[in-house]
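Given chain U's structure and the hints, the job is docking chain B onto it.
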Amino acid sequence: MQKMDEIQKRLFREVADLHKLPEGAYNLRANGGLAGRRTTANIDIQTKTEKSGIDITIKPGTKGESLHIPVVLSESGITETVYNDFFVGDDCDVLIVAGCGIDNCGTQDSEHDGIHRFHIGKNSKVRYVEKHYGSGDGKGKRILNPVTEVYMDEGSTMEMEMVQIKGVDSTERTTLAELKKDSKLVVRERLMTHGDQSALSIYKVELNGDGSSADVVSRSVARDTSYQKFDACIIGNAACNGHTECDSIIMDSGRILAVPSLEANNTEAMLVHEAAIGKIAGDQLIKLMSLGLTEQEAEEQIINGFLK
Amino acid sequence: MLELKNISFSVNDDSEKTEIIKDLDLKIEKNKFTVITGPNGGGKSTLAKLIAGIEKPTAGQIFFDGKDITDMSITDRARLGIGFAFQQPVRFKGISVLDLLKLASGKELSLDEACSYLSEVGLCARDYINREVNASLSGGELKRIEIATVLARDIKLAVFDEPEAGIDLWSFQNLIRIFEKMRSSGKDRTIIVISHQERILNIADDIIVLADGRVQEQGAADNILPEITGTESAKSPCKKIM
Chain U
10 MQKMDEIQKR
20 LFREVADLHK
30 LPEGAYNLRA
40 NGGLAGRRTT
50 ANIDIQTKTE
60 KSGIDITIKP
70 GTKGESLHIP
80 VVLSESGITE
90 TVYNDFFVGD
100 DCDVLIVAGC
110 GIDNCGTQDS
120 EHDGIHRFHI
130 GKNSKVRYVE
140 KHYGSGDGKG
150 KRILNPVTEV
160 YMDEGSTMEM
170 EMVQIKGVDS
180 TERTTLAELK
190 KDSKLVVRER
200 LMTHGDQSAL
210 SIYKVELNGD
220 GSSADVVSRS
230 VARDTSYQKF
240 DACIIGNAAC
250 NGHTECDSII
260 MDSGRILAVP
270 SLEANNTEAM
280 LVHEAAIGKI
290 AGDQLIKLMS
300 LGLTEQEAEE
310 QIINGFLK
Chain B
-7 MLELKNISFS
3 VNDDSEKTEI
13 IKDLDLKIEK
23 NKFTVITGPN
33 GGGKSTLAKL
43 IAGIEKPTAG
53 QIFFDGKDIT
63 DMSITDRARL
73 GIGFAFQQPV
83 RFKGISVLDL
93 LKLASGKELS
103 LDEACSYLSE
113 VGLCARDYIN
123 REVNASLSGG
133 ELKRIEIATV
143 LARDIKLAVF
153 DEPEAGIDLW
163 SFQNLIRIFE
173 KMRSSGKDRT
183 IIVISHQERI
193 LNIADDIIVL
203 ADGRVQEQGA
213 ADNILPEITG
223 TESAKSPCKK
233 IM
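Heads up: the sequence lines are chains U and B, in that order.
If you count by this note's numbering, then the first sequence holds residues 10 to 317, one letter each, in order.
If you count by this note's numbering, then the second sequence holds residues -7 to 234, one letter each, in order.
With the rest of the complex left out, here is chain U (with noise of 0.2 Å):
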């Protein structure tokens, strides 16, 4: 097992708000490594043996647990894809959260794909946190293509907070969901880009129970040359509800493509999405300026709240 320096351990802050070891079960990867890891009588973790990557087995009726599994790469020139399945047992309330960090220092590419698919049992409650975050100075890009699979039997819920502000130069992510009946779905996604960076990311929900749900949010700025690509689609298969909704701030010289679909194959289907772009409201700045702030500490408060 590695050892954490000092950047390994900023990194793990940033992304899991990890200042010590977490409580419950863990598993920390660093630099395509294992740095620590620790199971539960009810949450175990085994390293897959045919690629790379973890199987997480979360024992029916496991409740008020969490499990951590953030990831850092602070080489230069790191390139790697891993495959973690979790398997949730039923009626399980548990916290699960992931991420991935970036220092790239050198003029090598470094990049980090997770590929996570999730099978929640029946009436369990899972709540997901994923945060990517990109530091250091070095030419070589902060590379992640998340792919989240998500499978929810019947009754089960599923949150998940998806965070990306800060320093990634491409991300490519993409998010499939399958929800059977009384299942619910809620997303919420906050993106930053700036700089030249791209951000892709496609959610692709589909409702085939009845009574199942679906809420996909994502709030996102593009500041500097950035790009944005917000690509989701919900599809009822059966009596369900589905909204999707993607509100983005437009900065400098910033592009954004939205692109909400709904596809109703159910007359009982009943489905929503809004999206909208703009700049930020003038008198917003001018409220937030009468108030005593510089131009530039209210557009930060403006930004900060609507990512908030």
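For the record, the hints were derived by calculation from the structure and aren't laboratory data.
One or more of the hints may lead you astray.
[Claimed, not checked] No more than 30 Å apart at the CA atoms, straight line, and that leaves these computed lysine-lysine pairs for DSS-like:
(1) Lys317/U <-> Lys85/B
(2) Lys175/U <-> Lys99/B
(3) Lys317/U <-> Lys288/U
(4) Lys60/U <-> Lys131/U
(5) Lys94/B <-> Lys317/U
(6) Lys288/U <-> Lys99/B
(7) Lys60/U <-> Lys134/U
(8) Lys317/U <-> Lys99/B
(9) Lys190/U <-> Lys60/U
(10) Lys22/B <-> Lys85/B
(11) Lys24/B <-> Lys85/B
(12) Lys85/B <-> Lys288/U
(13) Lys175/U <-> Lys94/B
(14) Lys150/U <-> Lys238/U
(15) Lys238/U <-> Lys48/B
(16) Lys72/U <-> Lys131/U
(17) Lys72/U <-> Lys150/U
(18) Lys288/U <-> Lys48/B
(19) Lys85/B <-> Lys59/B
(20) Lys48/B <-> Lys213/U
(21) Lys22/B <-> Lys48/B
(22) Lys85/B <-> Lys134/U
(23) Lys131/U <-> Lys148/U
(24) Lys59/B <-> Lys99/B
(25) Lys193/U <-> Lys(-3)/B
(26) Lys22/B <-> Lys(-3)/B
(27) Lys85/B <-> Lys175/U
(28) Lys288/U <-> Lys94/B
(29) Lys57/U <-> Lys72/U
(30) Lys175/U <-> Lys131/U
Bear in mind the structure is a predicted one, so any value in this text is a computation, not a measurement.
Just chain B now, kept in the frame of chain U:
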């Protein structure tokens, strides 16, 4: 405490110059409650924006406590102690009432302090403190929160631009109470309210009648009020609704 000297303000509409404020001279006394009234289109809101620095005069000078603030930004004027409440309060996605009050006060506010500002404008603090200042709030609620952000600041001069605009009669009654309370609070605060509501004029120390970009009349409320009652400069709330 506030003096406007030879202030003019004009805008260019389709290459035609329209003068909104015309060579205006004005003095506002310290710690007085002054209401600026007058017919619509007379330049009242423009005058308020010129004081706050949101608009810059095309000619003339503005002095605040003897200091020439004509070329100062909105931020610098705010830092000198000028507060401004918008006619149409601004909405913010993701910023809570507490956040806004903290920004207004310029310091970490305790929950108790924040709540006291909200009670001052007649809002039950517990219900509002964590609400977002967004479209979920009604016009009357937003207006009161707007006033609370002005109260939360340590200011010498507060300018309220048509506080009654866009609110219902019930909220209007509350608004009057807030101003009455502010008036009698005894704090070292000069207040300017842009309004042509009779009930706000009734609590004024001084009244300024602005028409066609000029000061038509200025003086103690007791002298001015009888002259303008029943005119466009002093409307009853019911009349406005009718």
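Checked hints:
{"no.": "1", "hint": "Lys317/U <-> Lys85/B", "result": "9 Å, holds"}
{"no.": "2", "hint": "Lys175/U <-> Lys99/B", "result": "27 Å, holds"}
{"no.": "3", "hint": "Lys317/U <-> Lys288/U", "result": "18 Å, holds"}
{"no.": "4", "hint": "Lys60/U <-> Lys131/U", "result": "29 Å, holds"}
{"no.": "5", "hint": "Lys94/B <-> Lys317/U", "result": "16 Å, holds"}
{"no.": "6", "hint": "Lys288/U <-> Lys99/B", "result": "28 Å, holds"}
{"no.": "7", "hint": "Lys60/U <-> Lys134/U", "result": "28 Å, holds"}
{"no.": "8", "hint": "Lys317/U <-> Lys99/B", "result": "20 Å, holds"}
{"no.": "9", "hint": "Lys190/U <-> Lys60/U", "result": "33 Å, violated"}
{"no.": "10", "hint": "Lys22/B <-> Lys85/B", "result": "37 Å, violated"}
{"no.": "11", "hint": "Lys24/B <-> Lys85/B", "result": "36 Å, violated"}
{"no.": "12", "hint": "Lys85/B <-> Lys288/U", "result": "13 Å, holds"}
{"no.": "13", "hint": "Lys175/U <-> Lys94/B", "result": "26 Å, holds"}
{"no.": "14", "hint": "Lys150/U <-> Lys238/U", "result": "19 Å, holds"}
{"no.": "15", "hint": "Lys238/U <-> Lys48/B", "result": "40 Å, violated"}
{"no.": "16", "hint": "Lys72/U <-> Lys131/U", "result": "14 Å, holds"}
{"no.": "17", "hint": "Lys72/U <-> Lys150/U", "result": "40 Å, violated"}
{"no.": "18", "hint": "Lys288/U <-> Lys48/B", "result": "24 Å, holds"}
{"no.": "19", "hint": "Lys85/B <-> Lys59/B", "result": "37 Å, violated"}
{"no.": "20", "hint": "Lys48/B <-> Lys213/U", "result": "51 Å, violated"}
{"no.": "21", "hint": "Lys22/B <-> Lys48/B", "result": "23 Å, holds"}
{"no.": "22", "hint": "Lys85/B <-> Lys134/U", "result": "28 Å, holds"}
{"no.": "23", "hint": "Lys131/U <-> Lys148/U", "result": "47 Å, violated"}
{"no.": "24", "hint": "Lys59/B <-> Lys99/B", "result": "26 Å, holds"}
{"no.": "25", "hint": "Lys193/U <-> Lys(-3)/B", "result": "65 Å, violated"}
{"no.": "26", "hint": "Lys22/B <-> Lys(-3)/B", "result": "17 Å, holds"}
{"no.": "27", "hint": "Lys85/B <-> Lys175/U", "result": "21 Å, holds"}
{"no.": "28", "hint": "Lys288/U <-> Lys94/B", "result": "24 Å, holds"}
{"no.": "29", "hint": "Lys57/U <-> Lys72/U", "result": "25 Å, holds"}
{"no.": "30", "hint": "Lys175/U <-> Lys131/U", "result": "36 Å, violated"}
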